[in-house]
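Protein sequences, first through last, are from chains A and B.
Under this note's numbering, read the first sequence as residues 350 to 536, first letter to last.
Under this note's numbering, read the second sequence as residues 26 to 336, first letter to last.
Keep in mind that the hints are not guaranteed to be accurate.
[What the hints assert, rightly or not] Simulated restraints, written as ranges between beta carbons of each label pair: (1) Glu480(A) - Ser243(B): 50 to 60 Å; (2) Phe361(A) - Ala297(B): 24 to 34 Å; (3) Val334(B) - Ala489(A): 50 to 60 Å; (4) Thr304(B) - Phe361(A): 22 to 32 Å; (5) Ala311(B) - Thr525(A): 12 to 22 Å; (6) Met409(A) - His300(B): 33 to 43 Å; (7) Ala472(A) - Val68(B): 55 to 65 Å; (8) Pro526(A) - His300(B): 45 to 55 Å; (9) Val31(B) - Arg531(A): 46 to 56 Å; (10) Ala472(A) - Leu323(B): 47 to 57 Å.
In short, the hints are calculated from the structure, not lab data.
Glycine included, every Cβ here is placed at the ideal spot set by N, Cα and C.
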Amino acid sequence: MLVDLLFWALAFVSVASGVAVFVVDSMARATYALAVSFIAVGIMLVMAGLEYIGIITILMMVMEMAIMAVYMVMYMGMNPALMPMDMTHSKRWSAVLAVGTFVLLAAGALLIPWPARVGAPAADLTASLGEAIMGPKMLAMLTISPVLFATIIAGLVIANPRGRYDRWGDDLKRGTPNDPMRGGLGR
Amino acid sequence: MTEPIVQVSPAWAVLAPLALLLFALAGAGLNGALVARSAGRPVRSGAGAPFAQVARLLRQRRQVTVAADVLLWRIGAGGLLVVAILKILVIPLGPWTLADLDVGVVWFNTMDVMIWALFWLIGWGANSAHALVGGYRFLSLAVSYELPLMFALITPAVAARSLRVGDVVAAQHDLWFVIWMPVAFVIFCGSVIAFSSWGPFATGAGRDIAGGFLADVSGVDRLLILTGRYAVLAAGAAFAVPLFLGGGAGPLLPDWLWTIVKTALVLAAFVAIRHRVPTIRPDRFAEVAWIIVLPAALLQVLVVAIIAVGS
Chain A
350 MLVDLLFWAL AFVSVASGVA VFVVDSMARA TYALAVSFIA VGIMLVMAGL
400 EYIGIITILM MVMEMAIMAV YMVMYMGMNP ALMPMDMTHS KRWSAVLAVG
450 TFVLLAAGAL LIPWPARVGA PAADLTASLG EAIMGPKMLA MLTISPVLFA
500 TIIAGLVIAN PRGRYDRWGD DLKRGTPNDP MRGGLGR
Chain B
26 MTEPIVQVSP AWAVLAPLAL LLFALAGAGL NGALVARSAG RPVRSGAGAP
76 FAQVARLLRQ RRQVTVAADV LLWRIGAGGL LVVAILKILV IPLGPWTLAD
126 LDVGVVWFNT MDVMIWALFW LIGWGANSAH ALVGGYRFLS LAVSYELPLM
176 FALITPAVAA RSLRVGDVVA AQHDLWFVIW MPVAFVIFCG SVIAFSSWGP
226 FATGAGRDIA GGFLADVSGV DRLLILTGRY AVLAAGAAFA VPLFLGGGAG
276 PLLPDWLWTI VKTALVLAAF VAIRHRVPTI RPDRFAEVAW IIVLPAALLQ
326 VLVVAIIAVG S
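The shape of chain A in the complex, shown without the other chains:
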């Protein structure tokens, strides 16, 4: 009973703070409203017996939101993010899309003939969830992840405005790198 109440309270908090993201008029508030929503979801995951996944969700999401706030403020240069501002744009179309998606998913959840439960939940839910998601696709993941990782590295190397040739000269022969600000190791 108490667990049910807590679950519904968390569900309400997660949806309400999700709504708050678009209602509030400040970048910082929108960001941290989203963080609150994720924290509520993380606790619900813990309640479902997925301790590791729930807590790691909170960890990752709070970290991401903290960094996202910085980037949102940083990139909102022409429209000062330090001032109150509207968090929505293209209002009519986004409302149509949001309501449509909600109706579709909710109808799916309600109308689908869910199968009855067979067997009991596994002892280690996190491990069996990982097995279910990754098990048959391990080979594909092992192939894709190096490619993805290489893509990230390559993207960074290309995009980095201060790569090694900028820092050490065209033939990489400069004694000390040409940096606007030197790091702690004098490099």
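Once you have looked at the hints, place chain B on chain A.
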């Protein structure tokens, strides 16, 4: 004489914040005493300074800044203490723990990440330049603190083959982890100090930016932040005990008392370091963290993993 760790009734949770506050007070008292000694004033008056400070801040009127984001400001100010209390839930006091989580080590780490947000919120809420600079100064280095800390935290977990704090304590039955993973211990201590924005890492509240995120907080808010800082420091010191210092293991005294004694010693070292080590320049620290500290932490995990697999 280490006993298996058991989870006690949640009713005891009332005592946990009290104990934490006592540790925070002791830390503040030691800091006051050290300040007084270096200024040539009587040590006893310095040790009592926190009481005077509490009385002063409780009576002080709140300073108000223009267009402050009061909600986020208050969350930031009050949050530090809450996070510190949540941290100690998984720390066993001798044989007793409040929450015997399967993933206690990750829980502690998650609470550390909350601090990223809190210091930035304190800086943001005031709507003033110096406070904002202080908040950004902390957050921009948080990754440099966090990654070495994460690897320092998993090192004992790798050796114990478990993320449960109780298992980590049990794995130190023969040999304390601090002895064969000293690098991880030092990095852990450094990161705890950094996440408390304390001592050499206190640049977010630095004097060069007029107190940074502390510049505009006053009254009860300031009291909560300063207390929360000591509480986070104390919680980190307390977590070093089950992680590296054998938990409640020790001769003669009962396990719970050893936990308290060890925590007090680590906390004293954390507080004292402020008076021994100069401030680390924030603009230069990132490179040191990524090029020296992080590889050192990784090497430590590697060595520990090889030993753990081999044994």
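Taking the hints in turn, this is what the structure says about them:
no.: 1; hint: Glu480(A) - Ser243(B): 50 to 60 Å; verdict: holds, 55 Å
no.: 2; hint: Phe361(A) - Ala297(B): 24 to 34 Å; verdict: violated, 47 Å
no.: 3; hint: Val334(B) - Ala489(A): 50 to 60 Å; verdict: violated, 28 Å
no.: 4; hint: Thr304(B) - Phe361(A): 22 to 32 Å; verdict: violated, 45 Å
no.: 5; hint: Ala311(B) - Thr525(A): 12 to 22 Å; verdict: holds, 18 Å
no.: 6; hint: Met409(A) - His300(B): 33 to 43 Å; verdict: holds, 37 Å
no.: 7; hint: Ala472(A) - Val68(B): 55 to 65 Å; verdict: holds, 57 Å
no.: 8; hint: Pro526(A) - His300(B): 45 to 55 Å; verdict: violated, 36 Å
no.: 9; hint: Val31(B) - Arg531(A): 46 to 56 Å; verdict: holds, 54 Å
no.: 10; hint: Ala472(A) - Leu323(B): 47 to 57 Å; verdict: violated, 33 Å
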